[in-house]
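A.B. asks: In case you want the letters, here they are:
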Amino acid sequence: MTPFRSLSRAMLLGFLRDRSSLFFTILFPLMFLVLFGAIFTNQGLAKAKIIQVGPVAILDQAPGLGEILEITKQNDLAAAQEQVRQGDFVAVVRQQGDRYQLFYTAADQVRAGTVRGVFGQLVGQANAAGVPQRFTLAAEQVEDKSLKAIQYITPGLLSWAISMGATFGAAMTLVTWRQKKILRRLRLAPVSTATVVSARVGASVGIALVQTAIFLGVASLPMFGLQLSDYWWMCVPVVVAGTLVFMAIGMVAGGLAKTSEAAAGIANLIVLPMAFLSGTFFPLDSAPGWLQSLSNIFPMKHLNEGMLDVMVRGQGPASILPELGIILGFGLVIGLIAVFLFRWDDV
Amino acid sequence: MGQTIIVQDLQKRYGDVHAVDGVSFSVEEGEFFGILGPNGAGKTTTLEIIEGLRQADAGTVEVLGMSPWPRNPRLLPRIGVQLQASSFFERLTAREQIRTFASLYGIPAKKADDMLTVVGMADKAGTPAEKLSGGQAQRLSIACALVHDPEVLFLDEPSASLDPQARRNLWDLLRSINDAGRTVVLTTHYLDEAESLCDRVAIMDHGKILELGPPATLVRGLDSATHISLATGTLSLPAAREVAGPDASVTDDGVTVTIATRAPAPVLTELADRNLLTGIQVRGATLEDVFLHLTGREYRA
Ligand SMILES: Nc1ncnc2c1ncn2[C@@H]1O[C@H](COP(=O)(O)OP(=O)(O)OP(=O)(O)O)[C@@H](O)[C@H]1O
Ligand SMILES: [Mg+2]
Numbered sequence: 001m002t003p004f005r006s007l008s009r010a011m012l013l014g015f016l017r018d019r020s021s022l023f024f025t026i027l028f029p030l031m032f033l034v035l036f037g038a039i040f041t042n043q044g045l046a047k048a049k050i051i052q053v054g055p056v057a058i059l060d061q062a063p064g065l066g067e068i069l070e071i072t073k074q075n076d077l078a079a080a081q082e083q084v085r086q087g088d089f090v091a092v093v094r095q096q097g098d099r100y101q102l103f104y105t106a107a108d109q110v111r112a113g114t115v116r117g118v119f120g121q122l123v124g125q126a127n128a129a130g131v132p133q134r135f136t137l138a139a140e141q142v143e144d145k146s147l148k149a150i151q152y153i154t155p156g157l158l159s160w161a162i163s164m165g166a167t168f169g170a171a172m173t174l175v176t177w178r179q180k181k182i183l184r185r186l187r188l189a190p191v192s193t194a195t196v197v198s199a200r201v202g203a204s205v206g207i208a209l210v211q212t213a214i215f216l217g218v219a220s221l222p223m224f225g226l227q228l229s230d231y232w233w234m235c236v237p238v239v240v241a242g243t244l245v246f247m248a249i250g251m252v253a254g255g256l257a258k259t260s261e262a263a264a265g266i267a268n269l270i271v272l273p274m275a276f277l278s279g280t281f282f283p284l285d286s287a288p289g290w291l292q293s294l295s296n297i298f299p300m301k302h303l304n305e306g307m308l309d310v311m312v313r314g315q316g317p318a319s320i321l322p323e324l325g326i327i328l329g330f331g332l333v334i335g336l337i338a339v340f341l342f343r344w345d346d347v
Numbered sequence: 001m002g003q004t005i006i007v008q009d010l011q012k013r014y015g016d017v018h019a020v021d022g023v024s025f026s027v028e029e030g031e032f033f034g035i036l037g038p039n040g041a042g043k044t045t046t047l048e049i050i051e052g053l054r055q056a057d058a059g060t061v062e063v064l065g066m067s068p069w070p071r072n073p074r075l076l077p078r079i080g081v082q083l084q085a086s087s088f089f090e091r092l093t094a095r096e097q098i099r100t101f102a103s104l105y106g107i108p109a110k111k112a113d114d115m116l117t118v119v120g121m122a123d124k125a126g127t128p129a130e131k132l133s134g135g136q137a138q139r140l141s142i143a144c145a146l147v148h149d150p151e152v153l154f155l156d157e158p159s160a161s162l163d164p165q166a167r168r169n170l171w172d173l174l175r176s177i178n179d180a181g182r183t184v185v186l187t188t189h190y191l192d193e194a195e196s197l198c199d200r201v202a203i204m205d206h207g208k209i210l211e212l213g214p215p216a217t218l219v220r221g222l223d224s225a226t227h228i229s230l231a232t233g234t235l236s237l238p239a240a241r242e243v244a245g246p247d248a249s250v251t252d253d254g255v256t257v258t259i260a261t262r263a264p265a266p267v268l269t270e271l272a273d274r275n276l277l278t279g280i281q282v283r284g285a286t287l288e289d290v291f292l293h294l295t296g297r298e299y300r301a
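In order, the protein sequences belong to chains G and V. Just so you know, full-length UniProt numbering puts 80 at position 80 of the first sequence, and the rest follows in order with no gaps. Just so you know, full-length UniProt numbering puts 241 at position 241 of the second sequence, and the rest follows in order with no gaps.
It should be emphasised that the hints constitute simulated quantities derived from the structure, not laboratory data. Since the structure is predicted, the reported quantities are computational estimates derived from the model, not experimental observations. Ideal Cβ placement from N, Cα and C applies to all residues, glycine included. Some hints here could point you the wrong way.
[Claimed, not checked] Simulated crosslink set (DSSO-like; lysine-lysine; CA at most 27 Å straight-line):
1. G/Lys-73 / G/Lys-47
2. G/Lys-181 / V/Lys-124
3. V/Lys-124 / G/Lys-180
4. V/Lys-110 / V/Lys-131
5. V/Lys-131 / G/Lys-258
6. G/Lys-73 / G/Lys-49
7. G/Lys-180 / V/Lys-131
[Said to hold, decoys possible] To give an idea of the chain G side of the interface with chain V (calculated C-beta under 10 Å), a few residues:
8. Gly-54
9. Lys-181
10. Arg-343
11. Trp-344
[Claimed, not checked] Now the stretches of chain G that chain V is said to cover, found in silico as 3 or more residues with beta-carbon under 8 Å:
12. 187-193
13. 198-206
Bound-form chain G, shown alone (with noise of 0.2 Å):
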């Protein structure tokens, strides 16, 4: 066996035989899978009421709109508005000649998101008639909008998992084999470092991998309902990057503490916060300016934008190269960091 092949196998059966690890790893995400697809079927399926003043063009034209939209008829702008602020409804709809209007509540950002997105996807057909490319970007735009809970919860906790995963097997391993002088054994022996950092990233995007096969095979049961789109194969690359990059963070953790507790605490540190703050756990949309423009300091952002452009968004294999770009070059910087900080003993 090369020395590559023998280290990889070396981690991964050292991962594969502690039970904490593959429960933390594997089955802990998996259990969030199910508690958060629990708690959001109903509300993902929820539709959204709107009143309708006077005829509109679009809505009465528009086939299959009942599975997202509740509409009721009034005559009363006005009092139609105090509906929407009393929050009895999303939002009012009237057309006046060529130009529609909507209002709607900000009490409920999610619904009056999807009502937003299915509008804007309406005008958008009416207008683009004859040009397709215009007609494919709003439909892309209304199934964003329109997420059932579990396929936005999905890539989401997803990205989440693949971030643990490889945070804290990178910054474990290195802290436990520093600790355990496994690396000034190894550094008595003819291997390079870069091998023995390349072993590490074979083992963890394989376990990534796994993760992923998991998540997506248990999310596309019957009773959570994940619709995959159809490039959701390149979540591949996005997940290896991905991986990459918290690999990378995970050894700055690993460089900096000297006990694996130490490592842990440093690791939830990083990646917890990020998970929340990068929509991981719920989605950013109705979190305050700032803060989603802050979010894009976050790989995990990144990352999990990446996930949901490709696994439920539907975007073509091309779209997510940006992404991939912004991920791997966090990777690099965050990389050169972990080099900086790394040492082979204590001593």
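Assemble the complex: chain G is given as a structure, and chain V with the ligands must be docked to it using the hints.
C.D. replies: Relative to chain G, chain V with the ligands alone:
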């Protein structure tokens, strides 16, 4: 024969502790070299500087004509190291451990398995490293150091925590490796081990080499007494004094009567005449005495 290891004026400080303080020696090709000394003498530090695991503050080291620091990938396949603290991959069995190490040197699994048998660990091959006893772990660690058949072998207290039988087996193994032309450097607390194995020993204390030479020469140069002991009661104390003569000292600790003399021959003749040779023990000076002589204190392992 060439010099396999040349160490010159090595210095290493940890804060106030002068762990290695001006150590110089060289080891010839095919030599069995020992570093002997009590806890904290600086043996491990010296050895790890030579192996390239630590950087010396000052001084030079050459192993097989190369500098071990910074990490030298051309040197590494030619040396084998057993560290004082065993270092194993987590949750791998003994067989998986040694096969993994073997693969790092391009050694096939078959040879790794053979090496387990050589150190008497074949029946423990399937046991995870965490569940090995101290002595078993030690043997596995030695096997891992030997698996790629290195030209120079460094062993840091290889016989620590081995039972007497395993210790003898290890000695036989090390002798055969040395006989095959390999250079061996070991550290030990055990004077008998150094005496029995090493061509030359360096006696170290407080970071300095106090004495260096073949064990027999060190002992001979000591001009110390031979100890003749008999069971208490076989010979009364006055009678013992009479046998021993005026220059010798006689002690009785209640179990044995010990006569320490620089002229053992007449004493032994006299004892033979009295038909008292049964159960008698004669012990010449040992490295223990050398240590006592050099440091003025008892050797505490
Ligand atoms: N990493 C370190 N940091 C600080 N001090 C150290 C370090 N390593 C060794 N020392 C000190 O250097 C001295 C020599 O230690 P060393 O380990 O070389 O002794 P040794 O002869 O191998 O002892 P032993 O027989 O117990 O193995 C000791 O006083 C020890 O406390
Ligand atoms: Mg030591």
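A.B. asks: None of the hints should be skipped; say for each whether it holds.
C.D. replies: Here's how the hints hold up against the structure:
Straight-line distance between C-alpha atoms of G/Lys-73 and G/Lys-47 comes to about 16 Å, which keeps the hinted pair within the 27 Å bound. Between the alpha carbons of G/Lys-181 and V/Lys-124 the distance comes to roughly 22 Å, so the proposed pair stays at or under 27 Å and holds. For the hint pairing V/Lys-124 with G/Lys-180, the CA-to-CA distance comes to about 21 Å; that is within 27 Å, so the pair holds. Between V/Lys-110 and V/Lys-131, the direct Cα distance comes to roughly 23 Å. Compliance with the 27 Å bound is thereby established for this hinted pair.
Between V/Lys-131 and G/Lys-258, the direct Cα distance comes to roughly 25 Å. Compliance with the 27 Å bound is thereby established for this hinted pair. Proximity of G/Lys-73 to G/Lys-49 is assessed by CA-CA distance (about 11 Å); at most 27 Å being required, the pair is judged to hold. Restraint check for G/Lys-180 and V/Lys-131: satisfied, since their Cα atoms lie roughly 15 Å apart, inside the 27 Å limit. A least Cβ separation of about 71 Å between G/Gly-54 and chain V goes past the 10 Å threshold, and the interface hint is therefore violated.
Hint status for G/Lys-181: holds, given a least beta-carbon distance of 4 Å to chain V, under 10 Å. Annotation: G/Arg-343 was flagged as interfacial toward chain V, and the flag is violated, the nearest CB pair being 13 Å apart, outside 10 Å. With its C-beta approaching chain V no nearer than about 8 Å, G/Trp-344 sits inside the 10 Å limit, and its interface hint holds. Counting residues of the region 187-193 of chain G whose beta carbon lies closer than 8 Å to any beta carbon of chain V gives 6, which meets the minimum of three for the stated coverage.
Under a criterion of three residues with beta carbons nearer than 8 Å to beta carbons of chain V, the stated coverage of the region 198-206 of chain G fails, only 0 such residues being counted.
Hints 8, 10 and 13, counting from the list given before, are not met by this structure.
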